[in-house]
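Those sequence lines, one after another, are chains G and L.
Following this note's numbering, the numbering of the first sequence begins with 284 at its first residue and continues without gaps.
Following this note's numbering, the numbering of the second sequence begins with 284 at its first residue and continues without gaps.
One or more of the hints may lead you astray.
Given that identical chains are not distinguished, each listed pair holds provided it fits within a single copy or across any two copies.
With a Cα cut of at most 27 Å, we get these calculated BS3-like pairs of lysine-lysine [unchecked claim]:
1. Lys-567 with Lys-369
2. Lys-468 with Lys-589
3. Lys-477 with Lys-317
4. Lys-369 with Lys-437
5. Lys-615 with Lys-391
6. Lys-468 with Lys-309
7. Lys-391 with Lys-567
8. Lys-317 with Lys-551
9. Lys-317 with Lys-415
10. Lys-415 with Lys-374
11. Lys-303 with Lys-468
12. Lys-477 with Lys-511
13. Lys-438 with Lys-646
14. Lys-366 with Lys-303
15. Lys-415 with Lys-391
16. Lys-317 with Lys-408
17. Lys-592 with Lys-468
By construction, these hints were calculated from the structure, which means they are not laboratory data.
2 protein chains.
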Amino acid sequence: MQYTKVVILGGGFGGINAAKTLGNTKFDVWLIDKTNHHLFQPLLYQVASACLSPGDIAVPIREILSRYQNITVLMGSIEKIDKGAKEIHLKNGDRIGYEYLIVALGAKHSYFGKDEWEEFAPGLKTLVDALKIRERILMSFEKAERCDSISDAKKYLNFVIIGGGPTGVEMAGAIAEIAYETMLKNFRRIDTTKTKIYLVEAHTQILAAYPPNLAAKAQKYLEHYGVKVLTGKRVTDVSKEGVTVENTFIPAENVLWAAGNQASEVLKSLDVPLDKQGRVMVGKDLSIPGNPEIFVIGDAASAPDKNGKPLPGLAPVAVQEGRYVAQIIRKKLPLEERPPFRYLDKGTMATVGKTKAVGMFGKITFSGFIAWLAWCFIHILYLIGFRNRLTVITQWLFSYFSSQRGARLINRSIEGDLPPPKKHE
Amino acid sequence: MQYTKVVILGGGFGGINAAKTLGNTKFDVWLIDKTNHHLFQPLLYQVASACLSPGDIAVPIREILSRYQNITVLMGSIEKIDKGAKEIHLKNGDRIGYEYLIVALGAKHSYFGKDEWEEFAPGLKTLVDALKIRERILMSFEKAERCDSISDAKKYLNFVIIGGGPTGVEMAGAIAEIAYETMLKNFRRIDTTKTKIYLVEAHTQILAAYPPNLAAKAQKYLEHYGVKVLTGKRVTDVSKEGVTVENTFIPAENVLWAAGNQASEVLKSLDVPLDKQGRVMVGKDLSIPGNPEIFVIGDAASAPDKNGKPLPGLAPVAVQEGRYVAQIIRKKLPLEERPPFRYLDKGTMATVGKTKAVGMFGKITFSGFIAWLAWCFIHILYLIGFRNRLTVITQWLFSYFSSQRGARLINRSIEGDLPPPKKHE
Numbered sequence: 284m285q286y287t288k289v290v291i292l293g294g295g296f297g298g299i300n301a302a303k304t305l306g307n308t309k310f311d312v313w314l315i316d317k318t319n320h321h322l323f324q325p326l327l328y329q330v331a332s333a334c335l336s337p338g339d340i341a342v343p344i345r346e347i348l349s350r351y352q353n354i355t356v357l358m359g360s361i362e363k364i365d366k367g368a369k370e371i372h373l374k375n376g377d378r379i380g381y382e383y384l385i386v387a388l389g390a391k392h393s394y395f396g397k398d399e400w401e402e403f404a405p406g407l408k409t410l411v412d413a414l415k416i417r418e419r420i421l422m423s424f425e426k427a428e429r430c431d432s433i434s435d436a437k438k439y440l441n442f443v444i445i446g447g448g449p450t451g452v453e454m455a456g457a458i459a460e461i462a463y464e465t466m467l468k469n470f471r472r473i474d475t476t477k478t479k480i481y482l483v484e485a486h487t488q489i490l491a492a493y494p495p496n497l498a499a500k501a502q503k504y505l506e507h508y509g510v511k512v513l514t515g516k517r518v519t520d521v522s523k524e525g526v527t528v529e530n531t532f533i534p535a536e537n538v539l540w541a542a543g544n545q546a547s548e549v550l551k552s553l554d555v556p557l558d559k560q561g562r563v564m565v566g567k568d569l570s571i572p573g574n575p576e577i578f579v580i581g582d583a584a585s586a587p588d589k590n591g592k593p594l595p596g597l598a599p600v601a602v603q604e605g606r607y608v609a610q611i612i613r614k615k616l617p618l619e620e621r622p623p624f625r626y627l628d629k630g631t632m633a634t635v636g637k638t639k640a641v642g643m644f645g646k647i648t649f650s651g652f653i654a655w656l657a658w659c660f661i662h663i664l665y666l667i668g669f670r671n672r673l674t675v676i677t678q679w680l681f682s683y684f685s686s687q688r689g690a691r692l693i694n695r696s697i698e699g700d701l702p703p704p705k706k707h708e
Numbered sequence: 284m285q286y287t288k289v290v291i292l293g294g295g296f297g298g299i300n301a302a303k304t305l306g307n308t309k310f311d312v313w314l315i316d317k318t319n320h321h322l323f324q325p326l327l328y329q330v331a332s333a334c335l336s337p338g339d340i341a342v343p344i345r346e347i348l349s350r351y352q353n354i355t356v357l358m359g360s361i362e363k364i365d366k367g368a369k370e371i372h373l374k375n376g377d378r379i380g381y382e383y384l385i386v387a388l389g390a391k392h393s394y395f396g397k398d399e400w401e402e403f404a405p406g407l408k409t410l411v412d413a414l415k416i417r418e419r420i421l422m423s424f425e426k427a428e429r430c431d432s433i434s435d436a437k438k439y440l441n442f443v444i445i446g447g448g449p450t451g452v453e454m455a456g457a458i459a460e461i462a463y464e465t466m467l468k469n470f471r472r473i474d475t476t477k478t479k480i481y482l483v484e485a486h487t488q489i490l491a492a493y494p495p496n497l498a499a500k501a502q503k504y505l506e507h508y509g510v511k512v513l514t515g516k517r518v519t520d521v522s523k524e525g526v527t528v529e530n531t532f533i534p535a536e537n538v539l540w541a542a543g544n545q546a547s548e549v550l551k552s553l554d555v556p557l558d559k560q561g562r563v564m565v566g567k568d569l570s571i572p573g574n575p576e577i578f579v580i581g582d583a584a585s586a587p588d589k590n591g592k593p594l595p596g597l598a599p600v601a602v603q604e605g606r607y608v609a610q611i612i613r614k615k616l617p618l619e620e621r622p623p624f625r626y627l628d629k630g631t632m633a634t635v636g637k638t639k640a641v642g643m644f645g646k647i648t649f650s651g652f653i654a655w656l657a658w659c660f661i662h663i664l665y666l667i668g669f670r671n672r673l674t675v676i677t678q679w680l681f682s683y684f685s686s687q688r689g690a691r692l693i694n695r696s697i698e699g700d701l702p703p704p705k706k707h708e
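Whenever a hint applies, use it, and build me the whole structure from the sequences.
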């Protein structure tokens, strides 16, 4: 008997859940990802802020799927999708045919056409991004300590985070904790409490998806932790020296980008309508127009909710979409028999600093310490793998009680990028 | 009152212990290291073999020494020592004066004049080395899985470790565990149990510092785990394609170097006699000839034991030397009043594979599972930091019971270095 071949592109929340739903069935399932690991992205900012190690939030895709004999995992980068020939082209020249295709390629940053800003304001999507940002943050304090005068040191002690969505809010809170608590007794010349952290958001409120009163609470928490929140302000320039927010220049070595998303370039090869962010406008069954055997899910898709508005780019959306399309494939349902996808909203949350969070569940909102405990509990619960849960709990308990952070490592030499030399005698 | 200035070069076992002994005294102590962290090197092979994360075995030097107000930590690379002017020159042009100097700069690999081998056979001294080796090992299996035929895949499934000292033995055992246990159910086309692991040692026995019967036992354990041990064999060439052991060519993508050590180049600027490995021939008080205010300790020193033979390059030697020279400095003892350094040998151990170890304490030798348990216990005990102990215990228990490894991450793309493309249809 010939098995029906299903190819899944991407091992994020959508891809992994689609694969699991098709595990140990009579389908020949191939999952292709450019890395070897599934990343628990909601905790990525904790790697960037030196609290967790990469291994704590990433699990090999092969390991997650090892018990399903019908699933083959392949590490490879995708060049394009040839929907006419029903083939995937990999960058190394390989071609892989499919009968069903699930595209779950996620999103990357968008600099709104200002790609030259990327060099100075890295974004946070992959483990490599997180390690780069971690090193920049830690190195900044080292450089400041070696400066001649406190005015020289200033630009190393200024942090600007562009974008006030959940990632921006979480990074701002984490950097505040590093500067005002973790590093407190570590330096002899600089006073790390002089660190200034700016969070810049073009919208009139941070956390645009949240109701205004909840966003105001989150802003109050951030300000309590020492973060300067600038809402309704647009960034007009980013350079090696710093950030220009409308007409004000903020000198800063450390600028983080958390402002915009853009779907994968590969989606263009599907030759179907895309939205402004480059996401595929899928139908109610998450398939693309004209090709009911191709589904697009997660951050790569612009899927309509029951009011016709696009669903947000959140992990639970991708998880549910992955399971839904896998069920359609299992049953080999023709287009007209497919029930429309319904997203079951289990609520959203964001942490703010060390011990606060905000969240909402339908119309119910909650905030403060209790919300933060709930956030910790939920994120531990959804983390894949028993070992990861245990080590993350250990790290969190340790950080909570000691204000220390477990992964404060700089691997490159400070001499690579030097502050002005200073005389010590 | 003017404090006496002590400069310590290097934040390894020797430097950190010297600094601690001088902590909260009336000395102005400066510790300079090129990284920001103290590394627990005995467990470095576990990072290279994907069991532990870098953060588990490294702690910021600033953090370790934060409670000592008289100690300043500086991240910087050393250019040379000017013993005439009593100054350290940093690579950025800074000069730092001293009244006492403790040189604890450790060692790096030596390729015995064949530096061109380094590219193909990386050594294991730093966290960056460990991450590179980890990536090479994991990537090899990925590449093998993508090969056309099993004969193409062979070179990706051959591992050669050059040097049968403790590091070589530990790496060989760890790779055997990865290939024969961890990866067992993860691949669909290759059979990871076909992996061949060679350990090549020029000496007539592995673990040259151990008695022959104990070394024979370690070899037996390794062979039981599937490692091919070649003793009395010299490596004559290392290239991109593999390793030539005398007249036999072994095709291999993964070659690890664990054969030789060489002290830091900076020591040459001291202008005193060095031994063959570039270590400073120190006196009985660990100071250098003609300059009683300069001490050299740890792997940078060739210190005589009570029989006049040089002490081995082990962590406990460096720890005891660091404390000893710090005591001499605290008491400001003149040369003639200094008691000679006495190393208290607490024994040495090496793990072999997942559950075996060999060790000796004076004339007593021990081996097997009990020795392995003792090894685990001692290494946990000496690990700096409560958090690190907890997470390492968690990872070890997890690895022991599941044969899984917690940090199996590849960060670069497989397309960078491609095996021949294969057709899948």
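Results for each hint:
For the identical chains of this complex, Lys-567 and Lys-369 are intra-copy neighbours only, at 22 Å inside a copy versus 77 Å across copies, given an alpha-carbon limit of 27 Å. Neither within a single protomer nor between protomers do Lys-468 and Lys-589 lie at most 27 Å apart by alpha-carbon distance, with minima of 53 Å and 42 Å respectively. For a Cα distance limit of 27 Å, the shortest separation of Lys-477 from Lys-317 across copies, 26 Å, qualifies, whereas the shortest one inside one copy, 41 Å, does not. In the homo-oligomer, the alpha carbons of Lys-369 and Lys-437 never lie at most 27 Å apart, since the shortest distance is 56 Å inside one protomer and 32 Å across protomers.
Proximity of Lys-615 and Lys-391 under a CA criterion of 27 Å is satisfied in neither setting, with 32 Å inside one chain copy and 60 Å between copies. Within a single copy, Lys-468 and Lys-309 get their C-alpha atoms only as close as 60 Å, which misses the 27 Å cut-off; across copies the closest is 19 Å, which meets it. In this assembly of identical chains, the alpha carbons of Lys-391 and Lys-567 lie at most 27 Å apart only when taken from the same copy (24 Å versus 61 Å across copies). When the C-alpha separation of Lys-317 and Lys-551 is checked against a cutoff of 27 Å, the pair qualifies only within one copy, where the shortest distance is 18 Å, while the shortest distance between copies is 46 Å.
Proximity of Lys-317 and Lys-415 under a CA criterion of 27 Å is satisfied in both settings, with 19 Å inside one chain copy and 18 Å between copies. For a Cα distance limit of 27 Å, the shortest separation of Lys-415 from Lys-374 qualifies both inside one copy, at 26 Å, and across copies, at 23 Å. In the homo-oligomer, the alpha carbons of Lys-303 and Lys-468 lie at most 27 Å apart only across protomers (16 Å), although the nearest pairing inside one protomer, at 48 Å, exceeds that limit. In this assembly of identical chains, Lys-477 and Lys-511 lie within 27 Å of each other by CA distance solely inside one copy; the values are 13 Å within and 58 Å between copies.
Proximity of Lys-438 to Lys-646 under the C-alpha cut-off of 27 Å is found in neither arrangement, the shortest distances being 42 Å within a copy and 60 Å between copies. For the homomeric pair Lys-366 and Lys-303, the shortest alpha-carbon distance inside one copy (24 Å) is at most 27 Å, but the shortest distance between copies (66 Å) is not. Both within a single protomer and between protomers do Lys-415 and Lys-391 lie at most 27 Å apart by alpha-carbon distance, with minima of 16 Å and 26 Å respectively. In this assembly of identical chains, the alpha carbons of Lys-317 and Lys-408 lie at most 27 Å apart only when taken from the same copy (14 Å versus 29 Å across copies).
Proximity of Lys-592 and Lys-468 under a CA criterion of 27 Å is satisfied in neither setting, with 50 Å inside one chain copy and 43 Å between copies.
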